[in-house]
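There are 2 protein chains.
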Amino acid sequence: MSIKVMTSQAEKAYTLLQSDAEKIRKLIEVQLENLTMPQCPLYEEVLDTRMFGLSREIDFAVRLGLVEEEQGKQILSELERRLADLHDLTVQR
Amino acid sequence: MSIKVMTSQAEKAYTLLQSDAEKIRKLIEVQLENLTMPQCPLYEEVLDTRMFGLSREIDFAVRLGLVEEEQGKQILSELERRLADLHDLTVQR
Numbered sequence: 006m007s008i009k010v011m012t013s014q015a016e017k018a019y020t021l022l023q024s025d026a027e028k029i030r031k032l033i034e035v036q037l038e039n040l041t042m043p044q045c046p047l048y049e050e051v052l053d054t055r056m057f058g059l060s061r062e063i064d065f066a067v068r069l070g071l072v073e074e075e076q077g078k079q080i081l082s083e084l085e086r087r088l089a090d091l092h093d094l095t096v097q098r
Numbered sequence: 006m007s008i009k010v011m012t013s014q015a016e017k018a019y020t021l022l023q024s025d026a027e028k029i030r031k032l033i034e035v036q037l038e039n040l041t042m043p044q045c046p047l048y049e050e051v052l053d054t055r056m057f058g059l060s061r062e063i064d065f066a067v068r069l070g071l072v073e074e075e076q077g078k079q080i081l082s083e084l085e086r087r088l089a090d091l092h093d094l095t096v097q098r
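So the sequence lines, in the order shown, correspond to chains A and B.
Heads up: the first sequence is residues 6 to 98, going by the numbering used here.
Heads up: the second sequence is residues 6 to 98, going by the numbering used here.
Only chain A is shown next, with the shape it has when bound in the complex (with noise of 0.2 angstroms):
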């Protein structure tokens, strides 16, 4: 497959995978904003939900060799920090 269109489709791929993981993210700042508020305990499971849903698409990259297996890490552990820090903070309160 020609280097060029393999780009473009794995720039694709990348491009999805991290819209896909800002949705995720958004989901975690919202949170976070509203820490002073009750906690909706389906909250976390709705995370996890997703968390899992983007592991399954990243893992569904790499083995297409849209993605390299490093960014999809990268990808996951930056939200999971994120998803720590919520913890803590709901933790804390």
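Everything labelled a hint here was simulated from the structure, so no lab data went into it.
The model shown is predicted, which means the values in this text are computed figures rather than measured ones.
One or more hints might be untrue.
Copies of the same chain look alike in the list, so a pair counts if it works inside one copy or between any two.
[Stated by the list, open to error] No more than 30 angstroms apart at the CA atoms, straight line, and that leaves these computed lysine-lysine pairs for BS3-like:
hint	residue 1	residue 2
1	LYS17	LYS78
2	LYS28	LYS17
3	LYS78	LYS31
4	LYS28	LYS78
5	LYS17	LYS31
Given the coordinates of chain A, assemble chain B onto it according to the supplied hints.
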């Protein structure tokens, strides 16, 4: 993107989705074959999680333009039929 290249990437994506679906199908078959044994309560949750993961992969492949939405729906609905069979047989026992 040249048709030829798209097809090879699309074929690879579709083949990956089918092999992931096959893994779930095997899980269902094992459960069907062992219906006489006490049911592992987590089994349905494992299958649900796997189905959710596969649906995220399919959605990702469709958004990437690698797989037709209809193709994705067929993969899922075939598995859902088997899951329904499994559920019916489990409930009848």
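Check your understanding: Okay, which hints does this one fail, numbers in order?
Key -> none
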